Amino acid sequence: MELMNEDLKMYFYENRIATYSGWPFDEDCACTSENMAKAGFIHTPTDNCPDVAQCFFCYKELEGWEPDDDPLKEHKSHSPACNFILLKKTVEELTVEEILKLQKERQKFHIAEVIRTNTRSKVSKKTYVRDATGGTAGSRKKSRKIQNRTAEGGVAGAFSSAFSEAAGFNTLPREPCSLPSAHASLLTERAVLLTLLACALEKGLQTCH
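Heads up: the sequence shown begins at 15 in my numbering, then just goes up one per residue.
If you are wondering where the hints come from, they were derived from the structure by calculation, not from laboratory data.
There may be inaccurate statements among the hints.
[What the hints assert, rightly or not] Lysine-lysine pairs mimicking DSS-like chemistry, simulated, CA-CA at most 27 Å apart:
#, residue 1, residue 2
1, K87, K102
2, K52, K23
3, K23, K103
4, K118, K87
5, K118, K90
6, K103, K52
7, K52, K118
8, K90, K52
None of the values given here were measured: they were computed from a predicted structure.
Using the sequences and the hints, build the whole thing.
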């Protein structure tokens with residue numbers, strides 16, 4: 015239960031706003047820490063980038079914020095598939111079943127993020143080479159926002175769909191959910207436990223209906 019509570023805490027505004035320490039836009043700005051937290055972002059600064067923020071749900075990271083940037087609009091623009099920003103009611107109004115469905119979708123984003131993190135280090139050397147020639151660096155300056163770090167396509171997207179089908183996310187599971195063994199090592203203990211828990215609980219809810 016403690017594991018579940020820890021994973022759910024960022025659904026709540028007060029926990030997201032608590033991450034904003036040293037946020038550079040808090041006066042006469044559209045992207046204040048309050049508005050950032052309301053839009054689902056948590057503050058994830060680095061030594062070189064104090065304005066990096068990440069959606070707790072879809073793991074989309076954005077940097078290079080400007081005072082007149084609207085956090086909600088930027089979130090929808092860069093990650094339109096994020097289930098959190100598509101909610102039509104507050105988290106406090108959600109039912110247990112709705113929370114479980116959200117958690118399933120969040121785990122898809124989490125798995126894609128784990129894959130992206132593991133593959134990003136493998137291509138970093140190529141990126142630095144391109145930066146040295148001016149290619150990537152030049153195009154980087156044209157965009158003040160970090161590139162999409164979620165699985166909207168490519169290998170990560172394909173695996174997200176495959177995992178969804180294998181784990182029974184597209185249809186209610188008739189048998190216990192199983193994880194693809196080839197990728198199991200990429201998952202954190204938290205992701206595995208929550209995925210299995212969500213599958214089991216949803217199966218129980220369906221039986222009750």
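Here's how the hints hold up against the structure:
Annotation: proposed proximity of K87 to K102 holds, straight-line Cα distance about 16 Å (limit 27 Å). A threshold of 27 Å between alpha carbons decides the hint, and for K52 with K23 the separation of about 14 Å falls inside it, so the pair holds. Only pairs whose Cα atoms come within 27 Å are accepted, and K23 paired with K103 is accepted, the gap being roughly 17 Å. Distance restraint check for K118 and K87: the Cα-Cα separation of roughly 24 Å lies within the 27 Å cut-off, and the hinted pair is therefore satisfied.
For the given pair, K118 sits about 20 Å from K90 by alpha-carbon distance, which is consistent with the 27 Å threshold. A hinted pair counts as satisfied when its Cα atoms are at most 27 Å apart, and K103 with K52 qualifies at roughly 13 Å. Of the pairs offered as hints, the one joining K52 and K118 holds, with about 22 Å between alpha carbons and a cut-off of 27 Å not exceeded. Proximity of K90 to K52 is assessed by CA-CA distance (about 13 Å); at most 27 Å being required, the pair is judged to hold.
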